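Build the full structure now, drawing on both the sequences and the hints.
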Amino acid sequence: ETGVTQTPRHLVMGMTNKKSLKCEQHLGHNAMYWYKQSAKKPLELMFVYNFKEQTENNSVPSRFSPECPNSSHLFLHLHTLQPEDSALYLCASSLASWGTIQETQYFGPGTRLLVL
Amino acid sequence: DAKTTQPTSMDCAEGRAANLPCNHSTISGNEYVYWYRQIHSQGPQYIIHGLKNNETNEMASLIITEDRKSSTLILPHATLRDTAVYYCIVRAETSGSRLTFGEGTQLTVNP
Numbered sequence: 377e378t379g380v381t382q383t384p385r386h387l388v389m390g391m392t393n394k395k396s397l398k399c400e401q402h403l404g405h406n407a408m409y410w411y412k413q414s415a416k417k418p419l420e421l422m423f424v425y426n427f428k429e430q431t432e433n434n435s436v437p438s439r440f441s442p443e444c445p446n447s448s449h450l451f452l453h454l455h456t457l458q459p460e461d462s463a464l465y466l467c468a469s470s471l472a473s474w475g476t477i478q479e480t481q482y483f484g485p486g487t488r489l490l491v492l
Numbered sequence: 028d029a030k031t032t033q034p035t036s037m038d039c040a041e042g043r044a045a046n047l048p049c050n051h052s053t054i055s056g057n058e059y060v061y062w063y064r065q066i067h068s069q070g071p072q073y074i075i076h077g078l079k080n081n082e083t084n085e086m087a088s089l090i091i092t093e094d095r096k097s098s099t100l101i102l103p104h105a106t107l108r109d110t111a112v113y114y115c116i117v118r119a120e121t122s123g124s125r126l127t128f129g130e131g132t133q134l135t136v137n138p
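Going line by line, the protein sequences match chains Z and U. Start counting the first sequence at 377; every next residue gets the next number (the numbering used here). Start counting the second sequence at 28; every next residue gets the next number (the numbering used here).
Keep in mind the hints are simulated off the structure, nothing from the lab. Predicted, not measured: the structure shown is a model, and the values here were computed from it. Take these hints with a grain of salt, some might be off.
[What the hints assert, rightly or not] Quick list of the computed label-pair ranges, beta carbon to beta carbon:
# : chain 1 : residue 1 : chain 2 : residue 2 : range
1 : U       : M86       : Z       : T392      : 41 to 51 angstroms
2 : Z       : L403      : U       : L78       : 16 to 26 angstroms
3 : Z       : T383      : U       : T32       : 32 to 42 angstroms
Each residue gets a CB set at the ideal place from its N, CA and C atoms; glycine is no exception.
Right, dumping it as structure tokens:
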């Protein structure tokens, strides 16, 4: 248990559906991240938020829309996804994200997404 | 960030020490060495990190060579629950938030 929770843990959706992934951290951190992990591939950073402001978008398609209402919550809104978007989506948090080199990221358990 | 090279897989007997090597020959002076692990279908878990000196915590020890071109993660008494993919990551100050995960080493602890 790292103090980062994600819901749902598993999600199956059609290409025309709209769904949202939720992440919550109970660590008092101020930076939150979304990562994507496809089968047999390394983790890919998608988005970074610092104090609710998006500071990094790693060329993610617009069908993925993040939202960070406060430093403890992070959402990933999904719409018109493709089957190749099926992956494990991981949320992480850390104390800071402005080159504070010793800050460590703590990951949630992930949401396993299947797009049919 | 410096590129790291790790063996694809390793085996270890339960109760024995697991020594996982990592080469980072192009590491620069302000880059830290981080280790994470990922148990199958779970989120990565932070293990340890260091700059120059050897480090130890409740999970593992990190040995960094004097020239900092390689390091070894040591799990002193491996258990079956230590079976996971272990990632060695080198981070520069300028990389800010970015953790660049490579392929890692699949460690299998056998009974």
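Status of each hint after checking the structure:
1. U:M86 - Z:T392: 41 to 51 angstroms: 45 angstroms, holds
2. Z:L403 - U:L78: 16 to 26 angstroms: At 24 angstroms between Cβs, range holds.
3. Z:T383 - U:T32: 32 to 42 angstroms: 37 angstroms, holds
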